[in-house]
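Can you build the whole structure from these sequences, using the hints too?
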Amino acid sequence: MSIMLPAPRPELALGLDCPLTVLDVDGTRVPSEVLDPHLSDIDEHALTNLYVDMVRVRRLDVEAFALTRQGHLVLWPPLLGQEAAQVGPARALGDKDWVFGSYREHGFALLRGADMGEFSRIWKAYAHSGWDPQEIRMAPSQIIIGAQSLHGVGYAMAAKMDGADEVALTAFGDGATSEGDVNEALVWAASFQAPVVFLCQNNQYAISEPVGLQSGVPLALRPTGFGIPSMRVDGNDVLAMHAAARIAFDRARTGGGPTFIEAVTYRRGPHTTTDDPKRYRDEAEVEAWTAKDPIERVERALERMGANMEAVRAEAKIRADQLAKEFRAACEHAEPPAPDEIFDNVYTQPSKRLERQRLEHRAFVSSIEAKA
Amino acid sequence: MTETMTMAKAINAALADGLDGDDRVLLMGEDIGKLGGVFRVTDGLQDRFGPQRVIDTPLAESAIIGTAIGMTYRDFRVVAEIQFDGFIYPAFDQIVAQVAKLHYRSQGRVKMPLTIRVPFGGAIGSVEHHSESPESYFAHTAGLRVVTASTPQEAYSTLRAAIQSDDPVLFFEPKGKYYTKGEVDRSIVRDLETATIVASGRDVTIAAYGPTVDTALRAAIAAADEGIEVEVIDLRSISPLDVDTVVASVQRTGRLIVTHEAPAESSVSSELIASVAERAFAHLEAAPERVTGYDTPYPPSAVEHDYLPSLDRLLDAVDRTLGRRNSRTDLDYAAVTGAATTAGAAR
Chain A
313 MSIMLPAPRP
323 ELALGLDCPL
333 TVLDVDGTRV
343 PSEVLDPHLS
353 DIDEHALTNL
363 YVDMVRVRRL
373 DVEAFALTRQ
383 GHLVLWPPLL
393 GQEAAQVGPA
403 RALGDKDWVF
413 GSYREHGFAL
423 LRGADMGEFS
433 RIWKAYAHSG
443 WDPQEIRMAP
453 SQIIIGAQSL
463 HGVGYAMAAK
473 MDGADEVALT
483 AFGDGATSEG
493 DVNEALVWAA
503 SFQAPVVFLC
513 QNNQYAISEP
523 VGLQSGVPLA
533 LRPTGFGIPS
543 MRVDGNDVLA
553 MHAAARIAFD
563 RARTGGGPTF
573 IEAVTYRRGP
583 HTTTDDPKRY
593 RDEAEVEAWT
603 AKDPIERVER
613 ALERMGANME
623 AVRAEAKIRA
633 DQLAKEFRAA
643 CEHAEPPAPD
653 EIFDNVYTQP
663 SKRLERQRLE
673 HRAFVSSIEA
683 KA
Chain B
56 MTETMTMAKA
66 INAALADGLD
76 GDDRVLLMGE
86 DIGKLGGVFR
96 VTDGLQDRFG
106 PQRVIDTPLA
116 ESAIIGTAIG
126 MTYRDFRVVA
136 EIQFDGFIYP
146 AFDQIVAQVA
156 KLHYRSQGRV
166 KMPLTIRVPF
176 GGAIGSVEHH
186 SESPESYFAH
196 TAGLRVVTAS
206 TPQEAYSTLR
216 AAIQSDDPVL
226 FFEPKGKYYT
236 KGEVDRSIVR
246 DLETATIVAS
256 GRDVTIAAYG
266 PTVDTALRAA
276 IAAADEGIEV
286 EVIDLRSISP
296 LDVDTVVASV
306 QRTGRLIVTH
316 EAPAESSVSS
326 ELIASVAERA
336 FAHLEAAPER
346 VTGYDTPYPP
356 SAVEHDYLPS
366 LDRLLDAVDR
376 TLGRRNSRTD
386 LDYAAVTGAA
396 TTAGAAR
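So the sequences go chain by chain: A and B.
For the first sequence, this note's numbering gives the first residue as 313, with consecutive numbering after it.
For the second sequence, this note's numbering gives the first residue as 56, with consecutive numbering after it.
Take these hints with a grain of salt, some might be off.
Heads up, simulated EDC-like pairs for lysine to aspartate or glutamate below, C-alpha to C-alpha not over 20 Å straight-line [what the hints assert, rightly or not]:
no.	chain 1	residue 1	chain 2	residue 2
1	A	Lys664	B	Glu326
2	A	Lys664	B	Glu320
3	B	Lys166	A	Glu595
4	A	Lys664	B	Asp280
5	B	Lys166	A	Glu681
Covered, in the sense of this in silico footprint (three residues per stretch, anywhere, with C-beta under 8 Å from a C-beta of chain A), are these stretches of chain B [as the list claims (entries may be wrong)]:
no.	segment
6	184 to 192
7	196 to 202
To be clear, the hints were calculated from the coordinates, so they are not data collected in a lab.
We put the CB at the ideal spot given by N, CA and C, even for glycine.
Below, the structure written as structure tokens:
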């Protein structure tokens, strides 16, 4: 291999001073030299679709949160406030592209087509994974922070070797940028010019730790030191996120290598349902970000475009309610795994040792049942 | 047809035949391409198969394993090299939390046909981090297969099986034996589970793997001079452990010694002796013995021969299991350590 990368250049990072935006909070279109050329086909219909997607993602999130409080799920990591940061890139993915995400990518899972009944099993603690990875082209969700970034780079390297027209997107949070794996992933992506997109959803907190503890510079500046072009984008602007993802995917598809996108957004809920964010942040901060809500912004934009918002809202609500209803039903009726399944799939072939333990456990259980 | 070759060459041949037989097989590691590996194990493979299939990587062990995982989603079968045993720890999370669990996590939908080659063990007179035996960390982890080899033939046949396996395999190569020669038949591909009885005997069983198999065989020859028959078992796989073969042997001999270079605490010998105690307790005529590295970090190599299992330490253990005069009874071992002597029934 004989690639020579340019020296670190700050101009590799766009949006450092002010995140790239095309939709203002009041719904007006802000001209963007960088993003506008990639949004020429987005008309009222396309924006309405993105709106409906975000409403559905939020409804799923809110329903799951409630189901956790009601004891139907054991845990839920909410994404409230991050809908645009997921829907924008998810709708820029091609059918053959792959997603390697964390445990908070419910928007990606939904839009990639994960069956919600199976998806709920993760959060009922009935299964470690909630979809068929090959079917929806999304790796099992990842709890180890940043580990999936390397898997995404490896997939992209393999796609490049095969000459396949495929891109890998790896999604992670601001905290993950401190992990060795993410930094190694950046090194490898640059060295092998892998067709991979790094999507960092900077939601300002890694559980309780503010992003300032992870980095003294904007996260989007860091990849430039690896020679990777980067964009700092308004993560609550679904159009900006969609356009930035299109730029990154186009670059990857045309042999331009990796891109890093920092979606500047905010986790309005707790880290998970067991977290208490009041211990580490002010309500005023949450309110300030609530005013920048990604969904209301699109409603205002659609209104300005002359859309019949009453009809749009009604349609979105019907579809979101339907999703929530199906999700709740799946949660309430799911069958837990049989204890015997503990021993399944440790290896691809049956293992003598595990079959012995399976029989021991069965014998123990039936001896108890015989007494009862 | 057999050829005489070193273990390093046998591993090279297994890699070449693996690459030749399946175009989804590829090799990744530090210095494995142009240089041919620091031990020259991959010598010539990049020339023959190209830099796309024999890939020199940046120096990031976690990334070697992590990107190999990503490649398996596209049906590649990656053989990753970790340059030295002591360099594997940065990859620990990717191996034990990712590689080992993805098949289980995904309910069998994601296979991890990954082979991780690790030169291991001491007696090469090197500096720190170059002589370790970290296999127990991985044997303790469900979902991984952990195998070793003791001869060039075993190295060839086991590595071929590892590359063909749909399970992830850690292949620990006894680097101290890289340049020992033996006959190799390239038509033989072995399994990844069964132990082999490499010497038969009626008095004592010695279970060994990797570099200590040779020491155990030499002990068997030396003991035979005194009329003691030692059965030597090459465990080959340490996860899964072929307990059946060892139990059957102990049922015949009544005595068990386990030897490895790794420290004793929570090791392969811990597991094997516990398993034999569970399943062949009534057959034991003496307390099992182990001859292993001590429970210290690997020492400076100037004194490694005192640390490593040796022929004399093995013979001393043979004497203990048979109640013969040995170093500990002569030393009044019980007084020194507060432990009861381990001598069994006298012959």
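Results of checking the hints against the structure:
1. Lys664(A) <-> Glu326(B): Holds. Lys664(A) to Glu326(B) sits at ~16 Å (cutoff 20 Å).
2. Lys664(A) <-> Glu320(B): 25 Å, violated
3. Lys166(B) <-> Glu595(A): Judged against 20 Å, a Cα distance of about 46 Å means the pair is violated.
4. Lys664(A) <-> Asp280(B): It is violated: about 39 Å lies between the C-alpha atoms, which goes past 20 Å.
5. Lys166(B) <-> Glu681(A): 36 Å, violated
6. 184 to 192: Coverage by chain A is violated here, the residue count being 0 at a Cβ distance below 8 Å.
7. 196 to 202: holds (count 3)
Of the hints listed earlier, those the structure fails to meet are numbers 2, 3, 4, 5 and 6, in rising order.
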